[in-house]
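There are 2 protein chains.
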Amino acid sequence: MQKHDQDFIKRKNRTTVFELIRKHSPVSRAEIARWTGMSPTTVSRIVNELYHLDFMHEIEQETTSVGRKAVFLQVNPKSVLSVGVEMDKTGVRTGVVDLDGKVVGIRYIARQPEEPSDATLGKIADGIQTLIREGGFDRRRIVGIGVGLPGIIDHDGGRAVLSAQLGWKSTDIAPLLQERTGLPTAVDNELKVKSLAEHTYGAAAGSKRSVLIGFGSGVGSSLIIDGDIYRGESNSAGEIGHTIVDPGGSLCECGKRGCLQTYIAEAALLEKARKIKPVSGLDELFQARRNGEGWAADILDRAMAFIAVTIGNIACMYNPDTVILTGKLVEQYPEVKDFIAEKCMSEFVWEPLRGTFRIVYSAFEQDGVIIGSGLLAQSRFLDIASQIDQMEQNQI
Amino acid sequence: MQKHDQDFIKRKNRTTVFELIRKHSPVSRAEIARWTGMSPTTVSRIVNELYHLDFMHEIEQETTSVGRKAVFLQVNPKSVLSVGVEMDKTGVRTGVVDLDGKVVGIRYIARQPEEPSDATLGKIADGIQTLIREGGFDRRRIVGIGVGLPGIIDHDGGRAVLSAQLGWKSTDIAPLLQERTGLPTAVDNELKVKSLAEHTYGAAAGSKRSVLIGFGSGVGSSLIIDGDIYRGESNSAGEIGHTIVDPGGSLCECGKRGCLQTYIAEAALLEKARKIKPVSGLDELFQARRNGEGWAADILDRAMAFIAVTIGNIACMYNPDTVILTGKLVEQYPEVKDFIAEKCMSEFVWEPLRGTFRIVYSAFEQDGVIIGSGLLAQSRFLDIASQIDQMEQNQI
Chain F
1 MQKHDQDFIK RKNRTTVFEL IRKHSPVSRA EIARWTGMSP TTVSRIVNEL
51 YHLDFMHEIE QETTSVGRKA VFLQVNPKSV LSVGVEMDKT GVRTGVVDLD
101 GKVVGIRYIA RQPEEPSDAT LGKIADGIQT LIREGGFDRR RIVGIGVGLP
151 GIIDHDGGRA VLSAQLGWKS TDIAPLLQER TGLPTAVDNE LKVKSLAEHT
201 YGAAAGSKRS VLIGFGSGVG SSLIIDGDIY RGESNSAGEI GHTIVDPGGS
251 LCECGKRGCL QTYIAEAALL EKARKIKPVS GLDELFQARR NGEGWAADIL
301 DRAMAFIAVT IGNIACMYNP DTVILTGKLV EQYPEVKDFI AEKCMSEFVW
351 EPLRGTFRIV YSAFEQDGVI IGSGLLAQSR FLDIASQIDQ MEQNQI
Chain X
1001 MQKHDQDFIK RKNRTTVFEL IRKHSPVSRA EIARWTGMSP TTVSRIVNEL
1051 YHLDFMHEIE QETTSVGRKA VFLQVNPKSV LSVGVEMDKT GVRTGVVDLD
1101 GKVVGIRYIA RQPEEPSDAT LGKIADGIQT LIREGGFDRR RIVGIGVGLP
1151 GIIDHDGGRA VLSAQLGWKS TDIAPLLQER TGLPTAVDNE LKVKSLAEHT
1201 YGAAAGSKRS VLIGFGSGVG SSLIIDGDIY RGESNSAGEI GHTIVDPGGS
1251 LCECGKRGCL QTYIAEAALL EKARKIKPVS GLDELFQARR NGEGWAADIL
1301 DRAMAFIAVT IGNIACMYNP DTVILTGKLV EQYPEVKDFI AEKCMSEFVW
1351 EPLRGTFRIV YSAFEQDGVI IGSGLLAQSR FLDIASQIDQ MEQNQI
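Top to bottom, those sequences are chains F and X. Mapping to my numbering: the first sequence position 373 is 373, numbers consecutive. For my numbering, add 1000 to where a residue sits in the second sequence, where the first one is 1.
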């Protein structure tokens, strides 16, 4: 066998053992050997390497069958870290995320709404370096950066195609952050990374295919199949806000008529309300409905029906096992939650699909994008073999 | 190494070599050894087995680099066959499908609309036996049966949950056919298998993710990702006909209001037309529009807008590279094709998605379901190693 092939197998075996322990821990050395078909000697060698470099620890547990103690292996969740970044109009939140999806350090960076992109990205790069340094994180354990932001994102190119909220168009993100930090960087739409977080460790943990629906400044969704984001051809799958529900309906900002989001986006609801009364925001609109004002009830009842329609339509298209709801409109007003709980399944979901999925609410709320971005970076750049190589070269 | 493990590796290597030749043919023995990492001796042994049993043949080709002739291997498409079955209200078509998706034998079986399911399934089992015998097909080369029918299908259980067209409810299909023919049987919705045929060898060949949309007695769609049907939790993904476009709209047969199919299903259009004039079918309705009758134009213009909306909405949800259209309404009337060609992309598709996909028409038309069902059976039951074992035992 060639030296090159030997290296390849060695690297592959390391990753296999690490992933196996990660996903099925606690596991014993004997189980690893049995499941992988590797020899006990090979398994021991790899486990010792991983153990020596702090990638895992041993725990003693009673084995159920014989009652005596046995040694099991468990991955150390702090042994692989990534940086998750959430970008918004007025600020950026960065966090260090571990293998279990826990945020173990956080740093806020202010941003002016009109700030040029390179100024913002420069600040983020500096902020990440400070976050790592001041948090005392081992730089060699950080596998990469993930960035989540609103808009149409070219995931492969690490670029914002269009982000109306940030005012960015054709803006490179990954190249600049990579150059300034030396860390590989992945970029994605904020709903997509949020769905990854909820699917992996949040409200949909254990799901095989879940969809997150976000009701905010627009309406969007993201489907995860077996742990992977379903992106489609240009990373735009799930843009339910721009599906047309009425070809003769009102004009959407996209230029088409009757897009779903013209019925439920926050701005659309407020615009309708303000034709009648100058409400300051959603809170006041909901208050008006509670006060028995008919015009507010009309607007919100229609919006709630369309929220239920959105859930039902998503179920028809994706046939998921879990629907995760997020966004102010569905999370903050009890009347919306009640409406969904009481009416959605029975009146707006196609009969054969009733009971095939559950409706849950985001578990991570404000940290969802940071966690998801961090997990995105881990899944894209986690190559345990090269981490070990690097550490060995550095004689950790 | 245990005898059991040796057998396992032997079987796995056979399948690897067969799939490699199938997907990349023509390939040389040296290429197989290089790509798989197997020794030349192992490759030769497996290739000789496959060759001896007629699974492949050799072809001579000039190699571009040196100009001399070299021997390449090519899979014999007739070496693996399956039976595809298309079930409809008044008849069943069965066909023998080869590895290239070609129909190499066909047989029609009449059916009474009210016929009980076991009578129909009995006839199909007999018909398949006759088809195989009279066509002179080698029984040992047939890996299984695939059945495509309209309705909600429990793919895992091989059962029709509900097929309104056939009048079947909770009807076992696979168990009976398996018992009567001895062949493993897979069952699926007709649009799903049709999309598999078009994606693999038809109008969307070469696509990574394509959606087939069928406009017929209902409206439905089927997404294929990298050659696999996306089924969802209960094999109902893609039921766009029951997405709601108007929560206050007309009552659908499903009990909800404003389902998309109430705007474009053939029956819905005819029902609307017959309130004005007793037309015999779609042809007459289109003729009325051509004659300048305003009421017919109103009904069909609205239907065409909703066809375009359906395509645009599918693009938003699935972000495919190819949309395949099928069904009488879109295939048989030039005015519909023209409308789609002229208006769909520019007026009904969200701007960022324009040009990210192409719109094509079904390449297989009436054979699509047979071919797709046959391919489904091949993908589910093709285990080249056990075919060889069986042939060796039978000393072919």
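I should point out that these hints are in silico values taken from the structure, not numbers from a laboratory. Among the hints, erroneous ones may be present.
[Unchecked claim] The calculated DSS-like cross-link candidates involving lysine-lysine, where the alpha carbons are at most 27 Å apart (straight line), are:
(1) X:LYS1089 with F:LYS12
(2) F:LYS208 with X:LYS1102
(3) X:LYS1012 with F:LYS23
(4) F:LYS12 with X:LYS1102
(5) F:LYS10 with X:LYS1337
(6) F:LYS10 with X:LYS1010
(7) F:LYS12 with X:LYS1023
(8) F:LYS272 with F:LYS89
Since we're looking at a predicted model, the values are computed, not measured.
Legend entry - Hints the structure fails to honour: Of the numbered hints, 1, 2, 4, 5 do not hold.
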